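*Asks:* Next come the chains, spelled out residue by residue.
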Amino acid sequence: METTILAHDVHKNYVTGGATTPVLQGVKLATRPGECVFLVGPSGSGKSTLLSILGCMLTPDRGRVEIVGRDLAGLSETERAVLRRDRIGFVFQRFQLIRGLNALENACLPLTLRGASPKESARRATELLQAVGLADKMKSHVGKLSAGQCQRVALARALAGDPDLILADEPTASLDGQNGQEVMGLLRRLTSEQGKTALVVTHDQRIFGYADRILHLDAGRVTEVDSEHPALTAGATSHFVGGTCHA
Amino acid sequence: MWSIALKTLIADRGKLATALVGVVFSVVLVNVQGGLYTGLLGKIALLVDSGDADIWIAHTHIHNVDFPLDIPKRWMYRIRAVPGVKSAVPYIIGACDTTLPSGGFEGVFVVGCDRKSLLGGPWSMEQGHAADCRQTEGVIVDCFEEAKLEFPVIGEVREINGRRARIVAKSRGIVGFLVNPYVFTSLEQAASYLRKPADRCSYFLVKLCPGADAETVCRKIKQRIPELDAFPSTVYARKSIDYWMTRTGLGISFGAATVLGVLVGLIIVAQTLYASVLDRLSEFGAMKAMGASERQIYVMLLVQAVTMALAGALLGLELVFLVQRTSSTPHAPIVIPWWLSLGSFVLVLVICLVSSVLPYLRIRRLDPAIVLRG
Chain S
-4 METTILAHDV
6 HKNYVTGGAT
16 TPVLQGVKLA
26 TRPGECVFLV
36 GPSGSGKSTL
46 LSILGCMLTP
56 DRGRVEIVGR
66 DLAGLSETER
76 AVLRRDRIGF
86 VFQRFQLIRG
96 LNALENACLP
106 LTLRGASPKE
116 SARRATELLQ
126 AVGLADKMKS
136 HVGKLSAGQC
146 QRVALARALA
156 GDPDLILADE
166 PTASLDGQNG
176 QEVMGLLRRL
186 TSEQGKTALV
196 VTHDQRIFGY
206 ADRILHLDAG
216 RVTEVDSEHP
226 ALTAGATSHF
236 VGGTCHA
Chain F
40 MWSIALKTLI
50 ADRGKLATAL
60 VGVVFSVVLV
70 NVQGGLYTGL
80 LGKIALLVDS
90 GDADIWIAHT
100 HIHNVDFPLD
110 IPKRWMYRIR
120 AVPGVKSAVP
130 YIIGACDTTL
140 PSGGFEGVFV
150 VGCDRKSLLG
160 GPWSMEQGHA
170 ADCRQTEGVI
180 VDCFEEAKLE
190 FPVIGEVREI
200 NGRRARIVAK
210 SRGIVGFLVN
220 PYVFTSLEQA
230 ASYLRKPADR
240 CSYFLVKLCP
250 GADAETVCRK
260 IKQRIPELDA
270 FPSTVYARKS
280 IDYWMTRTGL
290 GISFGAATVL
300 GVLVGLIIVA
310 QTLYASVLDR
320 LSEFGAMKAM
330 GASERQIYVM
340 LLVQAVTMAL
350 AGALLGLELV
360 FLVQRTSSTP
370 HAPIVIPWWL
380 SLGSFVLVLV
390 ICLVSSVLPY
400 LRIRRLDPAI
410 VLRG
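For the protein sequence lines, the chains are S and F, in the order given. Quick note on numbering: the first sequence equals residues -4 to 242 in our numbering. Quick note on numbering: the second sequence equals residues 40 to 413 in our numbering.
No lab work stands behind these hints: they were computed from the structure. Check before you lean on any hint, since a few could be wrong.
As the list claims (entries may be wrong) - Facing chain S, according to a computed beta carbon distance under 8 Å, are these residues of chain F, among others:
(1) Thr47
(2) Ile49
(3) Asp51
(4) Glu322
(5) Met329
Bear in mind the structure is a predicted one, so any value in this text is a computation, not a measurement. Glycine is no exception: its CB is placed at the ideal position from the N, C-alpha and C atoms.
Please work from the sequences and hints to get the whole structure.
*Replies:* Below you can see the structure in the form of structure tokens.
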């Protein structure tokens, strides 16, 4: 079966002051192209660690991770950077747009890093900014955009490099309800239209409806849950539906 | 990447301005200090550099142009007989006092030149002519030394070492390295003021025949009169300069100030670049997360560093030339040779490039996952 993310028995420990803290303990996870998967869990449950591993920014202590069919084991730092650049798009909680650049230039960034021609980069970024409703803000510096507009630029940037996988870290955390819904609507629509896989780390229950599946990370393990389950809607974390997630 | 580097640099105007101040400071300090130093060096050997003689001949063991020893004037004929010598004339330099209208005294260097050729005489005139020194008791003072000499006027009579001296002309900008003003007069009059025997002089100034090699002629002169040293004028100028540089702390003090300026500039630029990077650490983290290579990030920093160097150097040089135009005087000449300006530009470029290494090392250590940690 074709998978965008395939994680098998992933372990990760952190050592602080001589004490070892297990963060991920045998995480299993698989996603299909076009799927939008949410990853939820309490603070400190290892969501960011898992996202970093899936984003090729961190190496697991044990286990196997494949991103779009590429086994991460043994990849050099440079090869990981190239994999991130060419196959993964990121949406960050705090947007991480480059100050000093306008919306269009920010959206072009993945293509610029890839060495694409400025004309081609601008064409693709323009299409995406139009798609996220910022046709009239292309030349606006990001410092002058609202939080919702910034996250839309970040979404356009994430898609600009035509990645197979979008990793979104709390994409609505810095947005109000209305903007959060709009950004998630766009993320869902664009990833579906373009056949991308989106893995969204979030605490925001208001956007659970956009997920195809919701995975819960707790005690270092991933379990699949029903988005309507009262354990999620109540913010509790002790009741889940189903076992370890497999795509 | 160039465009991103420039735009992010310009966007952070406060830090850019701080870094530019550092670069401008370095450029101005290096050029003005260097210019003052070069100007002072020029003053040390002013008479040699501007005196138009090809060879200077002095007593052996002479260290600098202003402190000569007496030599017999009659050796002049033996020098004139050396092949390659077109002409040789005696020349006198000596220190004594002149009276001031207020009743005080001022030390002066009396310079006596050959009446006929005026070789070694004043070369830049404010009032009158160099040939006016041929007049009986005639002396030429410099218009930039008027304050020291209590504003002498043409025709006024003063006393030099107890003998009458009449101001007949004024030179312009012939101001020596030492505090004593130069007073130009004829050879005979100078000997009289300095109480020097008529058969003695300080130097012989030689003009060479066309095509004659100065070094060769000097060697022949020394062979002929071992009691004398003969130097091509450029060599003698260097010897005089070396005397002051090595026997005083002049070179060290100017050098130290310049090095200090460069260091301060380096620190400001490095600190600013580093602070700027720290300020945008999450942006760099995001770029790394998006797959920016280390080379791309270093290129960004290099472009920013070179841009700061270029902009700072241009601004700094503008300021330097403004300072030079408004502040350079014969007393404190700011002489900025082209190689000094070019050198200062290369220097700040190197400073900026070196400064970019520190933030690069910081970014290199940066874990791109930082952007996922809130």
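*Asks:* Against chain S, run the beta carbon of aspartate 51 of chain F and see if the smallest gap drops under 8 Å.
*Replies:* Aspartate 51 of chain F check passes; min Cβ-Cβ to chain S is 7 Å, inside 8 Å.
*Asks:* Does the nearest C-beta of chain S fall within a distance shorter than 8 Å of the C-beta of glutamate 322 of chain F?
*Replies:* Result: holds, 5 Å to nearest chain S Cβ.
*Asks:* Under 8 Å is the threshold here; is the Cβ of isoleucine 49 of chain F close enough to any Cβ of chain S for the hint to stand?
*Replies:* For isoleucine 49 of chain F, the interface hint holds, since the closest Cβ of chain S sits about 7 Å away, which is under 8 Å.
*Asks:* Just to be careful: measuring from the Cβ of methionine 329 of chain F to every Cβ in chain S, is the smallest value less than 8 Å?
*Replies:* holds, 6 Å
*Asks:* Identify whether the interface hint at threonine 47 of chain F stands, where standing means a beta carbon of chain S within less than 8 Å of its own.
*Replies:* Hint on threonine 47 of chain F: holds, closest Cβ of chain S at ~4 Å, below 8 Å.
This entry satisfies every hint, going by the numbered hints stated previously.
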